[in-house]
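K.L.:
Residue numbers (our numbering), protein chains in the order written: chain A, 333 to 445; chain B, 1183 to 1297.
Read the hints as simulated data drawn from the structure, not as lab findings. Please read these numbers as outputs of a predicted model, since none were measured by experiment. Take the hints with a grain of salt, since some may be wrong.
Claimed, not checked - Reference excerpt, derived from the structure (chain B facing chain A, CB under 10 angstroms, subset only):
id, residue
1, Gln1188
2, Thr1189
3, Gln1223
4, Gly1224
5, Gln1226
6, Gln1230
7, Gly1240
8, Phe1246
9, Gln1249
10, Leu1270
11, Arg1277
12, Ala1286
We treat Cβ as the ideally placed atom computed from N, Cα and C, and that holds for glycine.
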Amino acid sequence: SQQGEEDPQALSIQEGENATMNCSYKTSINNLQWYRQNSGRGLVHLILIRSNEREKHSGRLRVTLDTSKKSSSLLITASRAADTASYFCATDGGGSGTYKYIFGTGTRLKVLA
Amino acid sequence: DSGVTQTPKHLITATGQRVTLRCSPRSGDLSVYWYQQSLDQGLQFLIQYYNGEERAKGNILERFSAQQFPDLHSELNLSSLELGDSALYFCASTRTPTGLGTEAFFGQGTRLTVV
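So here's chain B without its partners, still in its complex pose (with noise of 0.2 angstroms):
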């Protein structure tokens, strides 16, 4: 167990709509990064936040949006959702904001298909 948690772990929606993915880092992490993995394809990295704030953005996509909470969870917005957007999406969290020298702790992923 990682110690970093990812809700839901499925998610199945139709195209169009909106869903929320939910990430609490380790205790005491407070830099989140967000990646996204399609089918048997290497990680994609998305946007990282340190204590509340947007610390570097990677190849998301305008529809996609996050936020890092007062409490250091984040959460992961996908809207206008499409075939394509169907993938594994992680959550890791580290304790310093670069990663330097850190090791990054994964969640179990969110597993979203769009139908």
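Isolated chain A (complex conformation) (with noise of 0.2 angstroms):
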């Protein structure tokens, strides 16, 4: 099963406005990531926060992290048409002999030229 809920499944917003995302996990993590996929293809590594940091910042993105509630939230300020993509994020499972990323079901932005 899918570790991570991405919410909301979809989101369209107009260009220069903010995105903002969120990810729920169900168990403990070491470290959380957020990944972007255009339209069938590969997924870009965004940004990657550990479960001892609470935000995030990378450009125009700010990643914050609660892990009292497992929960991530990941904003895009600023949004630009190219940004249109799918959105998820990525957890490790936690302890100490994880060896794969869990992907949750991801946010489909639309940003409207």
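Combine the two chains into a complex, taking the hints into account.
P.N.:
If you want it as structure tokens, here you go:
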């Protein structure tokens, strides 16, 4: 079963607006990552946040992590049409011997020009 | 370009057939992961190899098998194909076996269509 669930499943906004998507997961983690997938293509790594971090920034991206609620959010500021893609969170399942990235179901973002 | 190469990009085959998907990891990466993505779905983890050894198994059907060769490339074999096996199959690679705090680099995927 999926570890993560992204919310909302789909999001449509105007260019220049901010986009926020959320991810909830089930087990403890060592780190959480966000990936972007353009239609039918491979996933591109966006940002990694460790379990002892609460917030991280990278360019127009801001990620928060609340381990007590087992949730993370990805904020894209001043969105552009090129940000149109699906966004996935991925967790490692926690522990010291985990070997797999577990992906959520994704949020489909559409940015209208 | 992630540095991970998957071939072929597209594959169309009939039910009951067998296919092999190939993945070459990024230079220096020892760990390879295989994922299946059905239409508009998330990625389902199938299997992971590190330096030739299987390290983790996910929801991989018995009809599917994989291996990692000494040159670190990996192959995913899908047999007795069914219509429901139609999907995008992704390979990802990392330097470490645990992936802890490590970015995974993904290939562009192989789109398998079973008719």
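K.L.:
In ascending order, which of the hints set out earlier in this document are inconsistent with the structure?
P.N.:
2, 8, 9, 11
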